[in-house]
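FYI, full-length UniProt numbering numbers position 70 of the sequence shown as 70, with every residue one higher than the one before it.
By construction, these hints were calculated from the structure, which means they are not laboratory data. C-beta: ideal position from N, C-alpha, C; glycine also. Among the clues, some could well be false.
[Claimed, not checked] No farther apart than 20 Å at their CA atoms in a straight line, the calculated lysine to any residue pairs in the SDA-like style are these:
hint, residue 1, residue 2
1, K69, L53
2, K70, W59
3, K46, K27
4, K10, Q28
5, K57, E41
6, K50, L40
7, K31, E15
8, K27, V44
9, K27, K43
10, K39, E22
11, K31, E41
12, K43, Q60
13, K50, Q60
14, K31, R20
15, K69, Q58
16, K57, D45
17, K57, L68
18, K57, L47
19, K39, A21
20, K27, K10
21, K39, E29
22, K31, Y14
23, K46, E29
24, K50, Y66
25, K50, E32
26, K39, A55
27, K31, H48
28, K10, L26
29, K27, D45
30, K10, E29
31, K50, G38
32, K43, A55
33, K43, W59
34, K27, V9
[To be verified] Between beta-carbon pairs, the in silico distance windows are:
hint, residue 1, residue 2, range
35, E24, A55, 20 to 30 Å
36, L47, I74, 55 to 65 Å
37, K69, E29, 41 to 51 Å
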Amino acid sequence: MESQVLQAVKELLYEVREMRAEMESLKQEIKELHVRIGKLETKVDKLHDKFELHAQKQWQTEADVYRLKKLIGIE
1 MESQVLQAVK ELLYEVREMR AEMESLKQEI KELHVRIGKL ETKVDKLHDK FELHAQKQWQ
61 TEADVYRLKK LIGIE
């Protein structure tokens, strides 16, 4: 009986060690994902800024074209 209990405890300890190792692996993966998400957020922010700049330039170009058309009497 005592040897069965001892064997069960050993098996439980082994399982606990395995679970801890898996948890550490998951923690590392989560850290790596956080880094990747941070990089993606930075890229999205840069793209957003470029899009906004492009929209402003497009608006300015359209305004310039309108003024030129008005100046030469097309509009």
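Now for the hints, and whether the structure bears them out:
With a C-alpha separation of about 24 Å, the suggested pair K69 and L53 falls outside the 20 Å cut-off, and the hint is violated. Under the criterion of a C-alpha separation no larger than 20 Å, the hint pairing K70 with W59 is consistent with the structure, at around 17 Å. For the suggested pair K46 and K27, the alpha carbons sit about 29 Å apart, so the restraint of at most 20 Å is broken. About 27 Å separates the Cα atoms of K10 and Q28, which puts this hinted pair outside 20 Å; it is violated.
As the CA atoms of K57 and E41 are separated by approximately 24 Å, the hinted pair breaks the 20 Å bound. The straight-line distance between the Cα atoms of K50 and L40 is roughly 15 Å, inside the 20 Å bound, and the hint therefore holds. With a C-alpha separation of about 24 Å, the suggested pairing of K31 with E15 is violated against the 20 Å cut-off. Between K27 and V44, the direct Cα distance comes to roughly 25 Å. Violation of the 20 Å bound is thereby established for this hinted pair.
Simply put, K27 and K43 have alpha-carbon atoms about 24 Å apart, too far for the 20 Å limit, and the pair is violated. Proposed proximity of K39 and E22 is contradicted: the alpha carbons are some 26 Å apart, above 20 Å. For the proposed pair K31 and E41, the alpha carbon gap of about 15 Å is at most 20 Å, so the pair holds. For the hint pairing K43 with Q60, the CA-to-CA distance comes to about 26 Å; that exceeds 20 Å, so the pair is violated.
Simply put, K50 and Q60 have alpha-carbon atoms about 15 Å apart, close enough for the 20 Å limit, and the pair holds. A hinted pair counts as satisfied when its Cα atoms are at most 20 Å apart, and K31 with R20 qualifies at roughly 16 Å. With a C-alpha separation of about 16 Å, the suggested pair K69 and Q58 falls inside the 20 Å cut-off, and the hint holds. At most 20 Å may separate the alpha-carbon atoms for a hinted pair to count; K57 and D45 meet this at roughly 18 Å.
As the CA atoms of K57 and L68 are separated by approximately 16 Å, the hinted pair is consistent with the 20 Å bound. About 15 Å separates the Cα atoms of K57 and L47, which keeps this hinted pair within 20 Å; it holds. About 27 Å separates the Cα atoms of K39 and A21, which puts this hinted pair outside 20 Å; it is violated. Between K27 and K10 the alpha-carbon distance is near 26 Å, which puts this suggested pair outside the 20 Å criterion.
For the suggested pair K39 and E29, the alpha carbons sit about 15 Å apart, so the restraint of at most 20 Å is met. At roughly 26 Å between alpha-carbon atoms, K31 and Y14 are farther apart than 20 Å, so this suggested pair is violated. Our distance criterion of 20 Å between C-alpha atoms is broken by K46 and E29, whose separation comes to about 26 Å. A hinted pair counts as satisfied when its Cα atoms are at most 20 Å apart, and K50 with Y66 does not qualify at roughly 24 Å.
Of the supplied pair hints, the one linking K50 and E32 is violated, its CA atoms being roughly 27 Å apart against a limit of 20 Å. This hinted pair does not check out: K39 and A55 have alpha carbons roughly 24 Å apart, beyond 20 Å. For the given pair, K31 sits about 26 Å from H48 by alpha-carbon distance, which is inconsistent with the 20 Å threshold. Straight-line distance between C-alpha atoms of K10 and L26 comes to about 24 Å, which puts the hinted pair past the 20 Å bound.
For the hint linking K27 to D45, the alpha-carbon distance of about 27 Å lies beyond 20 Å, and the restraint is violated. The suggested pairing of K10 with E29 is violated, with an alpha-carbon distance near 29 Å, which exceeds 20 Å. At roughly 18 Å between alpha-carbon atoms, K50 and G38 fall within 20 Å of each other, so this suggested pair holds. With a CA separation close to 18 Å, the supplied pair K43 and A55 stays within the 20 Å bound.
Taking the CA atoms of K43 and W59, the gap is near 24 Å; set against the 20 Å cutoff, the hint is violated. Restraint check for K27 and V9: the C-alpha separation of about 26 Å exceeds 20 Å, so the hint is violated. Hint check: E24 to A55, Cβ distance near 47 Å, so the stated range 20 to 30 Å is violated. With their beta carbons about 36 Å apart, L47 and I74 fall outside the hinted range of 55 to 65 Å.
Taken as a hint, the range 41 to 51 Å is violated for the pair K69 and E29, whose Cβ atoms sit roughly 59 Å apart.
Going down the numbered hints, you'll see the structure goes against 1, 3, 4, 5, 7, 8, 9, 10, 12, 19, 20, 22, 23, 24, 25, 26, 27, 28, 29, 30, 33, 34, 35, 36, 37, while the others check out.
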